[in-house]
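Chains as they are written, first to last, in the numbering used here: chain A, 2 to 738; chain B, 2 to 738.
One or more of the hints may lead you astray.
One copy or any two copies: either way a pair holds, since identical chains are not told apart in the list.
Unchecked claim - Listed below are the simulated DSS-like cross-link pairs for lysine-lysine, each with C-alpha atoms no more than 30 angstroms apart in a straight line: (1) Lys139 <-> Lys307; (2) Lys716 <-> Lys358; (3) Lys587 <-> Lys377; (4) Lys30 <-> Lys131; (5) Lys679 <-> Lys716; (6) Lys587 <-> Lys91; (7) Lys30 <-> Lys258; (8) Lys139 <-> Lys195; (9) Lys377 <-> Lys699; (10) Lys232 <-> Lys587; (11) Lys30 <-> Lys679; (12) Lys679 <-> Lys699; (13) Lys131 <-> Lys722; (14) Lys476 <-> Lys393; (15) Lys258 <-> Lys91; (16) Lys587 <-> Lys476; (17) Lys139 <-> Lys393.
Worth flagging that the hints you see were computed from the coordinates, not collected in a lab.
A quick note: this is a predicted structure, and the numbers were derived from the prediction, not measured.
There are 2 protein chains.
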Amino acid sequence: MSQSSLTYGDFTLPGEAGYEKLTLELAEKWGADTIRDSDGTQLSPEILDSGKAIYSTLCLVRSVQPWAREHQNQLQQNFLMSLPKIAARKTLTITPLEGYYDEQFVLNVSDNPKRWWQVFDRTTGQEVPKRHWSVNTKRGTVTIAEAVPGHTYTVNFLAFRIWEEISMYNHLTNNWGDREHLAAVDPMQPAVQKVILRFLDGWLDEHAATTVVRLTSMFYNFSWFWGSDHKTLRDRYTDWGDYAMTVSPRALKLFEKRYGYALTSEDFVQGGRYNSTHNPPTARYRDYMDFIHDFVISFGRECIAKIQAAGKKAYVFYDDHWVGVEPSSERFPEFGFDGLIKCVFNAFEVRLCAHAKGNCARELRLHPYLFPTGLKGEPTFAPGGNPTLDAKNFWIDARRGILRAPIDRIGLGGYLSLVEPFPDFQDYIAGVAQEFRRLKALHAGGKPWTAPFKVGVLTAWGDLRAWTCSGHFIKGVELYDVIEALSGLPVDVEFLSLADIAENGVPRGIKTIINCGAAGTAWSGGEHWADPAVEANLTAWVQRGGGLIGIGQPSALAQPGRTFRLAALLGVDQDTGDRLANGKYKFTPVAAGEVDGLGQHFITSDCTQVPVEGAQVHGLHVLDGDTAVLAARGSEPTLTVRAAGKGRSMYAAGFSFTPENTRLLHRALYWTSGYEAKWSDWNTSNVRTECAWFPQAKQLIVINNDGEPQTTTVKPTGARKAVTVDLEAHGIAVLDL
Amino acid sequence: MSQSSLTYGDFTLPGEAGYEKLTLELAEKWGADTIRDSDGTQLSPEILDSGKAIYSTLCLVRSVQPWAREHQNQLQQNFLMSLPKIAARKTLTITPLEGYYDEQFVLNVSDNPKRWWQVFDRTTGQEVPKRHWSVNTKRGTVTIAEAVPGHTYTVNFLAFRIWEEISMYNHLTNNWGDREHLAAVDPMQPAVQKVILRFLDGWLDEHAATTVVRLTSMFYNFSWFWGSDHKTLRDRYTDWGDYAMTVSPRALKLFEKRYGYALTSEDFVQGGRYNSTHNPPTARYRDYMDFIHDFVISFGRECIAKIQAAGKKAYVFYDDHWVGVEPSSERFPEFGFDGLIKCVFNAFEVRLCAHAKGNCARELRLHPYLFPTGLKGEPTFAPGGNPTLDAKNFWIDARRGILRAPIDRIGLGGYLSLVEPFPDFQDYIAGVAQEFRRLKALHAGGKPWTAPFKVGVLTAWGDLRAWTCSGHFIKGVELYDVIEALSGLPVDVEFLSLADIAENGVPRGIKTIINCGAAGTAWSGGEHWADPAVEANLTAWVQRGGGLIGIGQPSALAQPGRTFRLAALLGVDQDTGDRLANGKYKFTPVAAGEVDGLGQHFITSDCTQVPVEGAQVHGLHVLDGDTAVLAARGSEPTLTVRAAGKGRSMYAAGFSFTPENTRLLHRALYWTSGYEAKWSDWNTSNVRTECAWFPQAKQLIVINNDGEPQTTTVKPTGARKAVTVDLEAHGIAVLDL
């Protein structure tokens with residue numbers, strides 16, 4: 002690899018008018034081949050003419066102001082559920098929009114409420130007959146005429162959104178005062194499509210210097226319903242993957258025509274839970290997602306074709322208005338995007354980006370953003386901040402993922418002028434860019450070594466929500482911790498849905514399956530376990546030699562006498578309180594090794610303390626003496642292993658992403674797969690370090706994920722001798738073997 | 002009240018042959034009017050002729066040995082579920098009794114297994130057709146011919162019990178070697194009834210000196226299934242209130258004839274949970290309980306009539322074989338018992354005894370039993386023991402209940418000889434007997450004062466399981482703590498079932514209702530909340546002015562968007578993980594008073610620390626700003642109050658029985674009922690003390706529930722002045738006002 006290839010290219014720099022010199026200097030220092038604008042910055046002619054590629058951001062659905070405000074019935078809309086209200090007497094009046102932010106929502110009474118809205122008696126769960134309620138369009142109220150005192154009622158209704166959420170968020174966060182409220186138009190309306198396409202033609206004409214159109218993103222934002230009181234309950238509902246904000250009578254009519262059945266408001270409202278990604282999707286909702294995905298591809302392709310016909314590339318931002326884009330869908334390549342840009346805090350987001358189907362370029366937007374303060378208001382590029390240390394910490398998190406999966410480009414966003422007083426930051430980013438280019442080149446030479454078995458992560462969603470749960474990391478949703486651990490390990494991972502297992506069993510090559518999550522969630526699987534074929538196929542597979550890792554409340558779907566559907570395989574079940582009278586097996590924990598309270602076992606060999614996890618799961622117990630208890634909380638097992646037929650299983654009451662826990666999971670993958678004899682191949686002795694072996698390049702990369710210097714030893718396969726490496730804090734070593 | 006009435010009567014002393022002098026001395030000292038035998042002791046002629054009443058214990062169903070062993074098909078039996086087994090191929094063989102104690106159970110193959118047994122595919126939840134399985138009676142196995150690999154199967158089967166459980170427990174606990182294993186006969190068999198009645202005739206003839214037959218108890222023991230390995234899993238299933246051990250083909254046939262429908266094995270087995278009292282009963286099981294209760298009354302009456310015809314009284318022990326006796330049933334008086342004896346550890350058991358319907362004498366068996374060691378093996382009447390302190394602590398626990406509800410007699414059990422070296426114990430019991438007689442006399446003069454409102458405790462069972470959950474106190478089942486608190490408070494309490502509320506609404510006089518327990522349990526209500534009339538009637542009642550106290554997971558029965566059915570009234574709900582995407586209201590806690598972290602409020606006024614309860618309930622959140630948060634764990638409310646329409650509610654994440662928490666609950670009853678202006682009437686200023694005002698006698702009793710001296714002030718109603726009393730440790734004061 003030539004040195005020059007390490008110092009130039011694959012780097013997107015945010016330019017800033019008024020700082021042309023700095024822009025061009027840093028473009029040189031960081032080897033940027035591309036300059037972008039950001040929200041709040043402009044590129045001046047001097048920058049546009051610098052010979053670099055130029056990214057320009059564009060959000061089509063909010064691009065057509067003031068037309069949008071002049072055509073309110075062409076705005077995007079969604080179903081909302083009114084706040085529950087108890088009937089005191091036979092007549093009950095509900096103000097549907099009460100509690101919602103009136104600058105975001107207005108009632109849609111232009112589409113016939115009697116056709117689209119529903120009123121529910123939530124006490125009985127039954128819909129109130131339409132003849133029993135009426136809408137006062139002037140007052141914005143619904144009156145139920147035959148209410149039962151003591152029953153609780155809600156109204157599912159349609160509301161137009163008059164302020165697009167990202168505009169709203171930026172506006173209110175930055176106190177933009179009387180700056181325009183942008184509204185998002187509904188791209189499924191024929192009139193809107195005409196307006197957007199006409200706008201796009203003009204925009205392309207006006208942006209001659211632009212080489213890459215960075216779409217933000219396509220048409221529908223993730224769901225975000227704001228409350229009226231921003232102090233106490235601003236986010237009444239927000240989900241990164243929910244299709245709630247795609248709904249309209251037009252969409253519902255087209256859906257019915259296509260699928261032969263009609264969806265109702267309750268299919269979207271779900272008693273106020275909406276279709277959060279954290280919950281197992283219904284079959285009807287999955288149909289609807291497919292329907293919208295198809296539409297977004299279809300109209301999206303039309304827009305992308307125009308962009309490409311204008312000689313520009315089309316990149317899409319994998320956030321904001323990404324709903325319906327679905328980069329993990331097999332259909333994603335139909336869009337014809339040239340690139341996909343993901344903002345990353347964690348390694349799993351790197352893998353999410355890499356996992357997109359098709360061949361478009363993968364670009365990461367790294368943190369920190371060039372803003373004065375970070376996400377929680379802490380100083381970054383401001384007095385008291387240490388942006389270099391921030392950058393190092395973000396980089397070591399993301400780097401683990403880049404080590405395992407190919408990424409094409411990286412870049413930054415924000416106000417470039419802010420980095421001027423931080424020369425060490427400028428230096429560090431130059432180094433990051435070089436590290437990135439080295440890793441990219443290695444991937445280009447061939448896939449890095451991975452373990453001789455594949456791992457399956459089993460959820461209700463499967464591959465469509467691979468390498469994420471719903472958006473960025475959420476503490477307490479342990480599957481995030483698990484995928485963050487996996488995203489830096491040398492193992493091939495597939496994401497499987499319960500429906501996949503029911504239909505086709507476990508795919509060939511997979512030797513161990515992880516099911517992790519809280520009961521009822523999409524991650525554990527919830528109602529999707531009701532199909533007995535899932536349990537049957539998995540059970541038969543484990544009995545024949547498969548591996549199973551259950552974390553939290555795996556396979557939980559209560560039936561009398563059993564909570565975990567895979568309890569017999571795990572040898573552990575949870576008594577949620579209905580088996581108080583059933584005695585619990587009194588286990589003898591596995592004898593401890595060097596760590597008090599932690600059973601000595603292959604999987605715990607690198608632990609220096611007892612993993613204390615799963616504080617929210619109570620009533621755990623082992624089924625019999627075949628379950629080996631490695632750790633316990635009083636009489637409740639928190640870490641166990643078991644032989645299950647010819648297979649093996651591990652249960653952990655919880656999991657959090659730490660170096661030691663990542664190692665424990667890594668070992669558990671080997672042990673449950675029955676590959677523990679191969680454990681020492683290409684693994685580091687020090688849990689704070691990781692390595693990747695690139696067999697084609699014959700290069701070994703060793704990384705230090707820690708903020709202190711570390712020493713580690715790697716045992717290659719075959720006759721090669723073990724290698725010991727000293728790494729500086731956050732360091733990387735490249736060894737030719 | 003004359004002094005003499007305080008020194009004699011209403012006391013049952015356990016006599017012991019060989020210690021005649023001690024027996025008669027202590028009879029004099031303690032004022033015993035009655036002498037009893039105990040398990041392992043005899044009464045000699047000198048004692049029998051002492052002029053005291055004589056209790057003799059008798060357990061009819063195990064009285065007819067060796068006839069019982071010679072007629073195995075006349076023994077008691079029950080359904081058991083085999084351990085779940087996974088099919089590896091099409092043929093699966095299960096050994097039903099595997100894992101069960103073979104000295105307790107043998108297979109019943111004399112009643113046609115194809116008629117009575119069931120095989121279940123627990124993966125699908127479906128019964129396996131009877132033609133697909135067969136029984137090998139010689140090997141004691143069941144073979145399933147059409148099993149699906151990967152599915153889990155169980156066999157529900159009938160087993161005779163060849164060793165009666167109390168005999169088994171005493172035998173094994175005391176290492177009785179080759180002493181006879183007593184078996185219990187099935188009283189529903191006509192042949193058994195003949196044998197028992199003939200035996201009873203003979204027994205009555207032989208026990209001329211006996212004045213009271215103490216039945217232990219009637220016919221069916223509480224359920225107790227032992228495992229094969231007593232070290233790791235002795236109690237496979239044990240429930241104080243389950244009717245499992247009453248089952249037989251004869252009972253099932255008679256049931257079908259009476260009720261017009263047939264019960265199946267699964268009605269009893271419930272997937273291995275059986276019908277634990279902790280779970281909400283099914284309607285079918287409730288029918289079966291009524292059927293057995295009817296039989297126990299019917300045949301019991303026949304036995305009792307013989308006893309009474311012999312000039313003796315019939316007392317029944319409210320434990321052991323008490324199933325079907327049901328002292329809380331309206332039909333209980335039909336037995337015609339002269340007395341009911343309850344062994345008590347706690348005040349709620351005193352109330353349980355007092356709560357029996359009808360007019361039979363209520364007698365308490367106090368602790369400590371006169372044994373060398375206590376229940377957990379700690380020394381009592383042995384070196385290192387302090388039986389006097391034990392007696393004081395048990396007495397102050399029970400006394401709170403005796404203060405509130407009339408009890409007729411007390412007594413002890415065990416080996417009297419053991420008390421000889423403990424003169425201070427002898428003195429203390431003499432004092433206890435006097436205290437008891439004083440309280441009994443006060444109750445005889447009229448009911449003590451209670452608050453001007455009634456309290457309802459709402460469970461799936463209602464009054465049938467009033468003043469207990471299932472047997473003695475179990476830590477972690479918080480309703481025990483609540484009823485233990487209530488049992489010593491000056492409030493009238495009714496126990497209501499969810500079905501009562503659905504059918505009749507809230508009874509008149511009740512001003513506040515408590516619902517306390519874990520989701521799914523009989524205490525919280527579980528599936529019984531599925532009847533919308535419960536929620537509707539309670540909601541309407543609270544809205545009109547009722548009070549509601551929810552503890553733990555009150556009214557929990559999940560539906561989309563709501564976990565607590567009464568969430569709107571409590572202003573608190575629990576997100577079990579399916580509403581992660583729904584924002585939670587950010588509350589401002591009520592300003593603290595003298596205790597950091599505890600909101601100042603009427604109900605917290607006597608707290609000196611934050612009650613830390615409900616560690617097992619996660620995901621708690623308030624609905625809006627109308628819920629006042631008095632205590633929180635991070636962002637989760639753990640103690641809240643709210644106005645709900647014209648009513649009031651309180652929510653607590655948990656409850657444990659302590660003096661401060663009892664006071665908090667007491668205040669909460671007043672506050673939710675809207676009676677806080679009456680709070681100071683007849684309450685003590687010191688939470689470690691309690692008082693009872695007997696208006697007819699014009700006497701105020703003040704008790705110290707603490708092991709240290711206490712001072713307290715009581716404010717009488719009306720113009721009377723407050724009284725301040727100094728009490729010694731465990732002490733009592735009697736004041737004429």
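Results of checking the hints against the structure:
1. Lys139 <-> Lys307: Close neither inside one copy (43 angstroms) nor across copies (82 angstroms); limit 30 angstroms.
2. Lys716 <-> Lys358: neither (34 angstroms within a copy, 78 angstroms between copies)
3. Lys587 <-> Lys377: between (47 angstroms within a copy, 17 angstroms between copies)
4. Lys30 <-> Lys131: neither (67 angstroms within a copy, 80 angstroms between copies)
5. Lys679 <-> Lys716: within (11 angstroms within a copy, 79 angstroms between copies)
6. Lys587 <-> Lys91: neither (57 angstroms within a copy, 33 angstroms between copies)
7. Lys30 <-> Lys258: neither (57 angstroms within a copy, 93 angstroms between copies)
8. Lys139 <-> Lys195: Answer is neither; intra-copy 32 angstroms and inter-copy 83 angstroms both fail.
9. Lys377 <-> Lys699: neither (43 angstroms within a copy, 67 angstroms between copies)
10. Lys232 <-> Lys587: Only across copies: lysine 232 and lysine 587 sit 8 angstroms apart there, 50 angstroms inside one copy, limit 30 angstroms.
11. Lys30 <-> Lys679: neither (44 angstroms within a copy, 80 angstroms between copies)
12. Lys679 <-> Lys699: For lysine 679 and lysine 699, the Cα distance is within 30 angstroms only inside one copy (20 angstroms; across copies 86 angstroms).
13. Lys131 <-> Lys722: neither (78 angstroms within a copy, 64 angstroms between copies)
14. Lys476 <-> Lys393: within (22 angstroms within a copy, 50 angstroms between copies)
15. Lys258 <-> Lys91: neither (38 angstroms within a copy, 45 angstroms between copies)
16. Lys587 <-> Lys476: between (33 angstroms within a copy, 18 angstroms between copies)
17. Lys139 <-> Lys393: Neither: 57 angstroms inside a chain and 73 angstroms across chains, both beyond 30 angstroms.
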